[in-house]
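Engineer: As a plain string of letters, each chain reads:
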Amino acid sequence: MGSYKQQPGSDASEIRRDGKRVAGKQSFPPPGSGGSEPRMRPRDLDYIPETVGGREPKPAGDHIHDRARTGTSVGKAMPLVDSNAKVTGQAWYGDDVRLQGELIGKILRSPHHYARIKSIDTSRVEALPGVIAVATGQDAPNRFGVLPVTKDEHAMAVEKVRHVGDLVACVAAIDEATAIEALSLFDIEWEELEPVFDPKLGLEDHDEPIHWRGKYHLARTNVQKRVFQEFGDRSLVNSPHASSHGTWTMSGVHHGFTEPHAVVAHWDPNGRLQLYTPQQVPHYTHRALSTVLDVPMHQINVVRTFVGGGFGGKSDPFPHEMCAALLARKAGKPVRITFDREEVYWINRGRHPSHIDVKMTADTDGRISSFDIDALIDGGGFASFGHVTSYYNGVLATAPYELGSFHYTGARVWTNKPASGAMRGHGAVNTRCAVEVGLDEMAESMAVDPIDLRLANLLPPHSRTISGFRITSNGMREALERVREGSNWSEKFRQLPLGKGIGIGCGFFISGSGLPIHWDPKNFPHATVHIQVDMDGGVTVHTGAADIGQGSTTAVAQVVSEVLALPVDMIHVRSHESDTSPVDLGSYSSRVTFMNANAAIRAAIDVRDQLLKAAWEMLGYHPNVLVLNDRRIYYKHDPSIGVSYLQALHKAQEDTGALIARGAYRSPPMGGVHKGAAAGLAPAYSFSAYVAEVDVDVETGRVSCTNVWAAHDCGKALNPLAVKGQIIGSCHMGLGQVLSEKMVYGRTGHLQNANLLEYKIPSVHEMPHVEAIIVESSDPEGPFGAKEAGEGPLLPILPAVVNAVYDAIGVRLRDLPLTPDVVYNGIEKHMKTLGLDDPLDLPSPRLEHGPLQATLEARSEAHRERDRLRQRSEDTSAYVNGVLFGFDPNRPLAEQVEGWREADEPLPEQLAELGFAGRAWLKKEQRHMGGDA
Amino acid sequence: MTYGEAGTTMVSKEHVPMIPTPKGRAWSATVNGQPVEVLAPSNAVLLDVLRDKVGTLGVKRGCDLGTCGCCTVMIDGEPQLSCLTLAGQVEGREIITVEGLSDGAHLAPIQTCFATHGGSQCGFCTPGFLVTSQALLNTNPSPSRDEIATAIEGNLCRCTGYQQIIDAVEAAAAMVRGETAAPSPASDPHHDPHPAGPEEPTMPPGHAK
Ligand code: FES
Ligand code: FES
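Chains E and Y are the protein sequences, given in the same order.
Per this note's numbering, the first sequence runs over residues 1 to 933.
Per this note's numbering, the second sequence runs over residues 1 to 209.
If you are wondering where the hints come from, they were derived from the structure by calculation, not from laboratory data.
Note that the structure is predicted; figures quoted are calculated from it, not measured.
Beta carbons are placed, not taken as given, at the ideal position from N, Cα and C, and that holds for glycine.
One thing to keep in mind: the hints can contain errors.
Each computed BS3-like pair below joins lysine-lysine, with the alpha-carbon atoms no more than 30 Å apart [as the list claims (entries may be wrong)]:
id, chain 1, residue 1, chain 2, residue 2
1, E, Lys832, E, Lys160
2, Y, Lys53, E, Lys333
3, E, Lys151, E, Lys675
4, Y, Lys53, E, Lys330
5, E, Lys760, E, Lys829
6, E, Lys924, E, Lys675
7, Y, Lys23, E, Lys760
8, E, Lys76, E, Lys160
9, E, Lys330, E, Lys151
Sample of chain E residues at the chain Y side, in silico, Cβ under 8 Å [unchecked claim]:
id, residue
10, Asn84
11, Lys86
12, Gly256
13, Phe257
14, Val307
15, Ile548
16, Gln550
17, Gly729
18, Val770
19, Ile774
20, Gly930
All chains should be built: construct the whole structure from the sequences, respecting the hints.
Structural biologist: Dropping the structure here:
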């Protein structure tokens with residue numbers, strides 16, 4: 001090829017050696033190649049799948065995007081692209097946005113658990129010098145909420161306050177001291193109402209329910225949502241070979257992100273709102289702002305600042321965001337509101353305090369014949385994500401095991417506490433823990449190894465769960481086998497001395513929720529990515545994906561870099577502003593990597609095609625025989641025939657300017673048709689298995705976790721460094737919940753530990769060594785095979801620790817967290833039943849394999865081959881939950897078994913025997929109460 | 001009182017004026033090597049002065065109560081929680097914040113290693129960890145993993161589970177000791193070596209199949 005042509009008619013060689021301008025030619029330097037290495041690097045065959053000529057092993061089979069792999073960056077450990085901003089202190093979080101002339105906003109919070117506001121007099125506030133604006137609930141009567149079906153929040157209380165700390169009013173003043181002083185000048189007349197704290201009482205009728213849903217309200221209770229789901233053949237339950245029944249109490253826990261909420265609002269001179277907020281889900285905030293402020297969405301620009309940790313706690317549209325916007329509108333100046341740590345707990349949205357009851361049975365072949373789950377969850381004062389949580393508590397327990405039947409009753413009730421919401425592992429964590437501990441107990445009563453019990457009951461890849469979820473890739477078996485091996489399980493389990501224990505737990509989680517929260521406009525993609533490539537060769541990617549530290553920006557940069565074979569530093573991701581980024585549904589339900597990276601791959605392939613087409617024109621070789629590699633496109637059989645990336649780019653830009661492409665992702669239609677069928681549907685699911693080792697001090701009840709082997713099936717680790725970080729971080733958060741973290745509500749219903757001293761997040765000394773093991777099952781639909789790795793890894797640590805504690809001391813504990821008092825109480829009770837005085841005499845549990853063990857081992861051996869073939873799509877026959885029980889997957893199960901049921905409402909004769917939360921079904925909705933009330 | 005009665009309560013506090021803000025007075029110190037002088041109330045907390053007056057927004061406020069470590073700064077080489085320090089206490093002293101660790105884009109080893117080893121996820125705790133670990137490395141260039149853990153025990157990180165932070169500090173220590181090379185910063189002038197794109201590869205035909 002000739003040398004690079006700067007402009008038509010010119011030739012680079014015409015630039016004189018002394019640098020002087022050749023007449024008629026401009027002297028600006030030619031654009032750079034973008035890379036800092038003079039030679040094209042050879043293709044990194046270790047990172048190119050073997051199926052397309054590389055050396056990367058693909059044990060799980062082909063992926064549809066294998067041809068787009070260039071070996072540039074996918075699968076390589078690399079720092080987050082924004083990490084330099086973070087390590088130099090230049091990352092700008094919510095409170096770091098400082099605008100000229102800003103005012104400081106403060107929020108007046110309710111001192112009452114439950115009270116009606118009879119009047120608010122703000123005259124003394126307004127009279128205070130330095131106060132510029134005041135707002136109360138009357139200023140924003142429109143409701144909002146993250147889910148369109150349950151909009152029950154206001155910017156500030158309109159009629160009633162629903163928990164201590166609920167927002168009552170707000171002020172903006174010239175400085176913080178004035179704003180704080182102003183808060184003491186509100187004159188408010190209250191009428192106190194009788195609060196409800198105990199979720200069990202929430203199931204009963206109440207004079208003044210916390211919210212009123214009109215004809216859909218359930219009698220006069222505080223039930224926000226009730227769920228009933230039943231699948232399978234219930235007759236199996238009646239004559240179990242083994243069973244387990246456990247009743248759990250799980251405390252509420254908080255995300256504990258390090259950055260307190262903060263927001264800056266500013267109405268620019270054109271009357272558009274600029275709102276800076278650390279949000280995981282800026283798009284829903286955008287919608288809510290539009291509703292509450294009554295301005296069109298296009299007049300609002302939501303700027304997502306860096307987010308100092310989210311974990312689900314920054315995914316609701318928040319009332320303080322509305323307050324800042326209202327105050328800024330009134331004041332005509334920017335307003336900044338920053339929470340102190342206590343306020344962070346008042347806004348909460350943490351994991352629901354739960355009462356969970358799990359029964360399960362197994363038959364004589366060691367197959368799991370039923371799961372029976374009842375979950376009563378304490379929603380606090382608002383709905384938040386609770387509608388979804390109510391389903392997730394049940395339906396996310398329908399895998400990874402094959403079940404004979406499944407029965408779930410759930411209820412979420414309003415109480416006069418700060419609202420619970422979505423937190424890492426949303427809705428799945430607590431029941432998962434209960435289920436996994438139940439399996440351990442059942443394994444013990446059958447005298448089998450709990451890992452073998454699991455291995456012999458797994459759903460295979462490409463199958464359907466009992467509730468109709470479509471499982472695609474499934475690395476559960478590999479995960480279990482690898483932790484068993486890594487931890488040296490067979491030498492330790494039930495063989496360690498008193499006080500030392502080892503336990504197993506598994507996890508199953510969605511990788512992106514299959515249906516968007518907002519249904520309008522219909523058929524919109526879940527994620528869209530725009531790419532722009534101009535003459536300098538740099539690639540600008542616009543995405544709305546909210547990077548909350550998990551590295552979604554990096555994932556997007558990586559996949560674009562991979563497809564275009566450019567170094568990552570040539571990819572610039574712009575994701576902060578809603579003005580410039582396409583709509584993205586946000587960082588929740590572990591959807592970002594899956595959906596955003598998929599959209600980015602599509603956009604990048606579009607750009608690549610434009611480049612290859614240009615190269616085709618220049619070289620005369622069809623794109624099918626061209627190879628894209630490090631800044632160069634060349635003929636497959638002779639690399640010396642080629643053009644540089646820039647040459648192709650400039651050719652492609654002729655007459656059109658910058659290359660533009662967009663890609664979108666929308667999950668395929670799937671799932672059943674029953675009520676609630678959409679909850680828990682996901683285009684892919686992640687699987688994980690952990691083994692934890694603990695030390696229990698039997699004399700004090702103190703538990704410390706010493707080692708964790710954590711295997712997580714993330715499909716494909718786009719960035720192994722980040723995946724490992726997610727796994728270890730999840731362990732940390734899960735350990736907190738299982739051992740020390742707890743939102744303590746006193747007898748008066750008051751939150752007693754709204755600070756980081758008494759809310760005990762594990763410090764570095766409580767952290768065990770975590771051996772993070774990445775399992776890659778290459779999901780057919782995931783970006784280059786990837787699935788989520790942010791939430792699923794949290795699930796297994798809880799049951800692994802609880803089971804390990806049993807292994808250490810022989811006591812089943814079912815109150816979380818396992819603080820020393822809980823553990824020691826358990827030990828004392830156990831000593832009493834055994835008639836012992838000294839805890840050091842406690843017997844350690846031991847295992848003598850029973851006859852079933854051999855059956856299970858044989859079955860899991862057979863299933864290993866079944867799974868391998870299905871995973872590699874060598875066996876593509878249908879498989880639905882039930883095949884293990886001898887059913888034909890090609891015929892409806894209801895035809896094959898008498899008594900097979902798929903129900904979303906209880907039968908009248910079932911009402912009497914429903915579990916605790918199930919009692920919500922004894923009540924009727926107002927619209928059905930007319931005659932017989 | 002009993003709930004549910006029609007009784008009403010009136011919260012109408014007497015207006016107790018706040019303790020009058022003390023007059024601003026000049027406060028001076030050396031921050032990141034530069035002498036600064038700002039007007040701050042005599043009871044001002046160092047964290048507020050640094051964030052609001054000096055403008056070193058890299059110092060983070062996570063709790064204001066000495067429980068998270070995000071606000072850690074170095075005072076005469078010692079890591080200290082700026083939210084529990086009165087500005088007056090450190091008048092005239094040498095303060096180093098996260099901004100003072102690097103020289104432009106020339107990152108200190110500790111910063112580079114936090115990036116490359118996954119020591120920073122959301123990054124909000126990172127400034128505190130960096131300052132604390134830099135202070136450790138200043139006095140102990142080859143700390144053991146336990147020593148590192150002890151040094152950072154006052155810092156809370158919710159994202160990383162600490163393991164990769166300890167990895168990062170270990171790697172930085174090696175870099176400080178000169179065992180590994182520090183990468184050169186991207187902002188240094190680096191001409192595009194081959195403006196028209198990379199040269200032809202030296203590869204046998206068919207390699208790329
Ligand atoms: S802000 Fe100083 S320790 Fe949290
Ligand atoms: S990186 Fe997020 S808190 Fe440490």
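Engineer: Could you run down the list of hints and mark each one as holding or not?
Structural biologist: Going down the list of hints, with the structure as the test:
| no. | hint | in the structure |
| --- | --- | --- |
| 1 | E/Lys832 <-> E/Lys160 | 49 Å, violated |
| 2 | Y/Lys53 <-> E/Lys333 | 20 Å, holds |
| 3 | E/Lys151 <-> E/Lys675 | 20 Å, holds |
| 4 | Y/Lys53 <-> E/Lys330 | 27 Å, holds |
| 5 | E/Lys760 <-> E/Lys829 | 26 Å, holds |
| 6 | E/Lys924 <-> E/Lys675 | 18 Å, holds |
| 7 | Y/Lys23 <-> E/Lys760 | 39 Å, violated |
| 8 | E/Lys76 <-> E/Lys160 | 54 Å, violated |
| 9 | E/Lys330 <-> E/Lys151 | 25 Å, holds |
| 10 | Asn84 | 6 Å, holds |
| 11 | Lys86 | 3 Å, holds |
| 12 | Gly256 | 5 Å, holds |
| 13 | Phe257 | 6 Å, holds |
| 14 | Val307 | 6 Å, holds |
| 15 | Ile548 | 6 Å, holds |
| 16 | Gln550 | 7 Å, holds |
| 17 | Gly729 | 5 Å, holds |
| 18 | Val770 | 6 Å, holds |
| 19 | Ile774 | 14 Å, violated |
| 20 | Gly930 | 27 Å, violated |
Against the hints set out earlier in the document, violations occur for numbers 1, 7, 8, 19 and 20.
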